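A.B. asks: Protein chains in written order, with our numbering: chain B, 1 to 310; chain Y, 1 to 271; chain Z, 1 to 419.
The reader is advised that the hints may include incorrect statements.
[Claimed, not checked] Under the rule of at most 27 Å between Cα atoms (straight-line distance), these lysine-lysine pairs were calculated in the DSSO-like manner: (1) B:Lys223 - B:Lys50; (2) B:Lys256 - Z:Lys135; (3) B:Lys200 - B:Lys287; (4) Z:Lys302 - Z:Lys224; (5) B:Lys43 - Z:Lys295; (6) B:Lys81 - Z:Lys302; (7) B:Lys43 - Z:Lys224; (8) Z:Lys37 - B:Lys223; (9) Y:Lys68 - B:Lys3; (10) Y:Lys61 - B:Lys3; (11) Z:Lys80 - B:Lys50.
Rather than coming from a laboratory, the hints here were simulated on the basis of the structure.
Note that the coordinates shown come from a computational prediction; the quantities given were computed from them, not determined experimentally.
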Amino acid sequence: MPKVLLLIIAFIFLLLLPFLPSILEIIFKRDKDPIPIDQHRTKEPDYFGKSFIKLLTKAFEDLNIQNISKLQLAYIQLKLKREEWVGVLNSEDLLETNVHTSIIFTQDAVFNHSHTFRRELVVFGNAVFLSECVLRSLYVKGDCFVEAPLSVVRWVHVEGNLIIKSKADLGVSVYALEVKIRDRTTFKRAYAKKIDTSDKPLLDKNPTQEGRTININGSFSVKGSITIGDKEGPVVIDGDLFSDGDVQIEGNVWIKGNVFSQSSITLKNGVVIGIEGKVKSAVARGKIFIKGPVRIYGYLHSEKLVEVIP
Amino acid sequence: MKSMAYPQDYSKISKVEKPVIGYARFGRVLKFNRYLFLLQLTLLLFVFEFLVIFLLEDYFKVLSSITKRVLEDSYTKSYKFLKLTLEYSVSQGRLPTLQESFIYLILSLLSLLLLTRKSNPLPKYVSAWLMYIAFVYFVSSFYFLLFLEKFPYTERDFAILYLLQQTGVFIFIPLVLGLSLSVFTFSPLNLLFNAFTILLTLIYSSVFGGIRYIFFVYVLKEFSYIHMPAMFFIFGPLLDFIYIVSFYSLCLYMTLRLLQKRQEAFYQWGF
Amino acid sequence: MGVLIFLLKAYMILLMFILLMYLIRHYFFTLNRAFGKQRLYYQDVLDEDLPTVSVLVPMHNEEKVARYILDLLVEADYPKEKLEIIPINDHSTDRTKEILDEYAQKYPFIKPLHRYGDLPRGKQNGLNDALKIAKGEVIIVYDADYLPPKGQIRTLAVAFKDPQVGAVMGRVVPINAGKNLLTRLLDIERTGGYQVDQQARYNLGLIPQYGGTVGGFRKDIVIKLGGFDAKILAEDTELTYKLYLNGYKVAYANIAECYEEAPEDWNVRARQLRRWSRGHNQVMFKYLLPTLLSKKLSFWQKVDGLLLLMIYLQPFLISLGLIDSLILFFLGEMQIIGSYLFLLFIFAHNSFGNFAPFFEIGTALVLDGVKERVFLLPLMFFEFIFNIIYASLGFIDALIDLITKRTVIWQKTERFRNA
Chain B
1 MPKVLLLIIA FIFLLLLPFL PSILEIIFKR DKDPIPIDQH RTKEPDYFGK SFIKLLTKAF
61 EDLNIQNISK LQLAYIQLKL KREEWVGVLN SEDLLETNVH TSIIFTQDAV FNHSHTFRRE
121 LVVFGNAVFL SECVLRSLYV KGDCFVEAPL SVVRWVHVEG NLIIKSKADL GVSVYALEVK
181 IRDRTTFKRA YAKKIDTSDK PLLDKNPTQE GRTININGSF SVKGSITIGD KEGPVVIDGD
241 LFSDGDVQIE GNVWIKGNVF SQSSITLKNG VVIGIEGKVK SAVARGKIFI KGPVRIYGYL
301 HSEKLVEVIP
Chain Y
1 MKSMAYPQDY SKISKVEKPV IGYARFGRVL KFNRYLFLLQ LTLLLFVFEF LVIFLLEDYF
61 KVLSSITKRV LEDSYTKSYK FLKLTLEYSV SQGRLPTLQE SFIYLILSLL SLLLLTRKSN
121 PLPKYVSAWL MYIAFVYFVS SFYFLLFLEK FPYTERDFAI LYLLQQTGVF IFIPLVLGLS
181 LSVFTFSPLN LLFNAFTILL TLIYSSVFGG IRYIFFVYVL KEFSYIHMPA MFFIFGPLLD
241 FIYIVSFYSL CLYMTLRLLQ KRQEAFYQWG F
Chain Z
1 MGVLIFLLKA YMILLMFILL MYLIRHYFFT LNRAFGKQRL YYQDVLDEDL PTVSVLVPMH
61 NEEKVARYIL DLLVEADYPK EKLEIIPIND HSTDRTKEIL DEYAQKYPFI KPLHRYGDLP
121 RGKQNGLNDA LKIAKGEVII VYDADYLPPK GQIRTLAVAF KDPQVGAVMG RVVPINAGKN
181 LLTRLLDIER TGGYQVDQQA RYNLGLIPQY GGTVGGFRKD IVIKLGGFDA KILAEDTELT
241 YKLYLNGYKV AYANIAECYE EAPEDWNVRA RQLRRWSRGH NQVMFKYLLP TLLSKKLSFW
301 QKVDGLLLLM IYLQPFLISL GLIDSLILFF LGEMQIIGSY LFLLFIFAHN SFGNFAPFFE
361 IGTALVLDGV KERVFLLPLM FFEFIFNIIY ASLGFIDALI DLITKRTVIW QKTERFRNA
């Protein structure tokens with residue numbers, strides 16, 4: 001009989017044992033919170049730069065510093081995401097090749113020497129890169145001129161215009177008033193009122209080109225790949241284009257709406273996306289390749305890479 | 001010319017850093033190592049299935065001898081299954097008396113009536129299970145009340161059915177856990193975790209299955225065949241899935257705790 | 001007797017086949033979501049020309065939750081000139097009406113629709129009436145217990161820039177996940193259902209389901225297709241099929257996560273499950289044949305569409321399978337090892353998971369990056385019979401609806417939020 005009793009106890013024990021971790025979790029609720037949802041989340045193309053500069057301004061305010069431009073050369077310990085040392089420069093030149101703190105230029109800055117900035121670089125005036133630089137992130141209050149190879153890991157936020165005349169890798173996110181790309185440039189996303197690769201007037205500014213214009217009204221969605229471009233004359237599409245496959249647009253083509261692809265997008269030699277004064281997007285899961293004179297009013301977004309060869 | 005480098009910093013690293021962007025949960029996928037996935041599938045499935053088939057005869061032999069020791073009145077037989085000879089010991093069971101069947105019928109009927117009443121205070125998930133148990137017993141007792149002599153099984157049939165069921169569970173464990181756990185290919189350690197999980201599950205299953213068998217044989221001997229349907233439909237393979245899923249969740253936890261040191265080691269961008 | 005045994009065995013084989021199909025489908029979904037190329041949603045399309053939107057919030061005695069959702073909708077970053085909010089007050093007898101009028105006075109873009117008197121009750125009826133007054137090109141629907149984040153209307157509405165998109169669906173996350181056993185189980189089930197199931201179906205170009213909340217649809221199409229069937233309780237599933245059968249698709253926005261309040265009481269959950277099952281099965285009766293015969297659907301969309309239609313039929317089939325195997329047992333047919341292994345499959349698939357196997361939920365939990373929550377998986381065992389009973393009852397309700405053509409009465413899910 002004791003054997004049988006033991007048997008019954010063992011059976012019940014083994015039956016209940018697998019529930020033990022579950023029951024402990026129900027009692028102690030170690031992982032009870034719902035997965036966090038950011039209730040304030042909105043889509044902001046200038047998110048990175050804006051939130052960094054917000055942090056910086058707040059940190060200065062906490063130290064009762066109102067006018068950054070009057071700051072003297074100093075190291076300041078600021079509370080950004082965490083407490084960190086930040087170097088402040090006026091118009092002085094920077095000696096180090098490798099810079100390990102965030103650096104703030106209170107006025108215009110010209111980079112004549114090569115530098116590697118391991119933390120953020122902030123310029124409260126205009127910035128001119130005349131020598132090869134590697135940056136983590138860049139904030140420029142004025143205009144930014146890239147005249148030597150530039151490599152950015154995270155983001156670039158330029159309140160004024162961004163003019164790129166040298167090879168540049170601008171990292172994940174670019175924001176500027178206008179972006180002029182005049183040499184091979186790569187990034188993942190870019191937002192500006194106007195992004196162009198040439199000053200040449202394209203279809204949106206020069207509609208009276210030779211040949212008969214093909215006008216298409218309305219948006220369309222295609223399951224496969226699509227190629228748009230007509231050698232006979234310009235094509236104007238007043239609507240959006242959605243595609244599951246590759247999108248190739250070449251020549252005098254003006255798409256006034258968005259271009260969206262689950263694959264790649266190629267824009268070549270004369271393509272215009274969007275309308276001046278409005279924000280439109282070209283979004284691809286794959287690569288976006290831009291070659292020759294092209295203009296985009298708004299936003300470029302690729303999950304892989306945007307490569308621009310003017 | 002001024003120096004602005006952090007004075008204490010003498011790092012010689014010239015590169016800034018690799019881009020570190022948190023992979024938001026909406027678009028991330030798991031890091032995938034195709035070779036590790038295939039290796040796991042192959043190893044986990046074949047090695048453990050082989051192990052199961054290889055040890056099956058010995059397992060039932062051991063179970064038979066333990067049964068014999070616990071239930072002294074049991075006798076030993078064997079059953080040919082494919083090319084395997086499965087040994088078992090079983091005590092003689094008995095049919096329920098009319099009185100017993102009647103009592104179980106009334107009890108199960110009453111339980112069903114009480115459980116389906118609106119005033120039933122038990123949580124619905126508990127009631128649902130109790131209703132199911134009561135239903136199985138209602139059918140069983142009803143059958144034995146009317147067709148006692150026609151009951152098609154003896155204790156030997158039960159033992160054979162149990163043997164086959166347990167064999168099914170053993171074969172099923174590497175299959176279901178191998179297929180579901182091979183998905184995790186973050187590190188070669190996954191193979192170790194997954195193999196360990198399957199091994200542990202098989203060991204648990206053999207202990208649990210063995211004890212359950214002896215317990216059932218004892219119940220059939222002492223409390224009659226009226227409980228036999230419950231042994232298959234309530235306390236049968238359904239219960240095996242509790243520990244299978246439990247070990248699966250344990251393996252998930254180990255994977256999450258030990259391998260997820262950095263997000264980048266775990267996820268990648270899915271687009 | 002021989003014929004009976006044959007039929008019983010044939011049924012078991014059929015059942016095993018159906019369940020095996022589901023099992024394979026879910027394993028495939030799991031692999032696809034875990035490793036496959038994910039289909040891009042439209043959240044990155046920045047466009048100033050957004051469609052006009054009417055946000056509909058069906059409400060019946062929602063005084064406990066009405067203020068929360070209205071406050072959040074007022075905060076939404078969608079251009080106010082393109083937005084209107086229509087809370088549909090459906091025969092409320094509590095303070096819902098007063099609350100809505102108070103908000104309407106404060107915010108001109110909140111335009112409550114009060115439904116009283118002879119107007120038939122029910123979400124589908126309320127939506128039909130609201131469609132008549134809604135000015136938006138796009139309709140976004142939130143149940144009253146939802147807490148939409150600031151940028152979510154834009155995220156959902158932008159999908160309609162794609163002319164093929166007829167409806168869009170976001171991800172539902174229970175905010176009261178940690179409350180009790182039921183909410184914890186519902187939380188992990190939702191995780192599996194959205195993080196893996198819906199996203200995989202979207203990835204594979206199958207049929208992601210519009211879920212009736214945290215989602216939206218094109219107004220003109222729905223009106224053109226005759227609005228919502230007053231006799232069908234699952235207006236969301238019905239719309240999904242209507243759209244696909246007419247050449248449109250549903251976009252799934254995994255990024256559009258929104259908190260909801262999951263039922264905290266098993267009685268409430270039982271009623272909800274029964275209502276869902278009834279509605280879903282009504283849709284099954286109505287759309288099974290059109291789905292099979294459709295020329296707009298691809299082969300795999302048809303397969304997925306049929307399996308999705310039959311999802312709430314499954315528990316009923318399993319309960320028949322249990323009875324079937326009990327009969328076979330007493331007929332002495334248990335020797336057939338095959339029929340026993342069938343049962344193994346049945347249980348493997350269904351014992352752990354509300355129509356989603358445990359490995360699908362487990363993978364979803366890993367994708368979400370949770371920790372101790374994974375230990376809850378074995379507790380889904382407790383839901384097994386519960387789900388079978390109430391989903392089967394829902395199927396029977398739908399069957400009676402089909403035969404008698406009776407009018408259906410909507411039963412609202414009780415709210416638990418403390419004021």
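A.B. asks: Hint by hint, say whether it matches the structure.
C.D. replies: Against the structure, the hints:
1. Taken as a hint, the B:Lys223 and B:Lys50 pair is broken in the structure, with Cα atoms around 38 Å apart against an allowance of 27 Å.
2. At most 27 Å may separate the alpha-carbon atoms for a hinted pair to count; B:Lys256 and Z:Lys135 meet this at roughly 26 Å.
3. In summary, the hint linking B:Lys200 to B:Lys287 is supported, as the alpha carbons are separated by about 25 Å, within the 27 Å threshold.
4. In summary, the hint linking Z:Lys302 to Z:Lys224 is supported, as the alpha carbons are separated by about 23 Å, within the 27 Å threshold.
5. A threshold of 27 Å between alpha carbons decides the hint, and for B:Lys43 with Z:Lys295 the separation of about 38 Å lies outside it, so the pair is violated.
6. Between B:Lys81 and Z:Lys302 the CA atoms are separated by roughly 51 Å; this puts the pair beyond 27 Å, and the hint is violated.
7. Between B:Lys43 and Z:Lys224, the direct Cα distance comes to roughly 33 Å. Violation of the 27 Å bound is thereby established for this hinted pair.
8. A hinted pair counts as satisfied when its Cα atoms are at most 27 Å apart, and Z:Lys37 with B:Lys223 qualifies at roughly 17 Å.
9. Taken as a hint, the Y:Lys68 and B:Lys3 pair is honoured in the structure, with Cα atoms around 12 Å apart against an allowance of 27 Å.
10. This hinted pair checks out: Y:Lys61 and B:Lys3 have alpha carbons roughly 20 Å apart, not beyond 27 Å.
11. Taken as a hint, the Z:Lys80 and B:Lys50 pair is honoured in the structure, with Cα atoms around 24 Å apart against an allowance of 27 Å.
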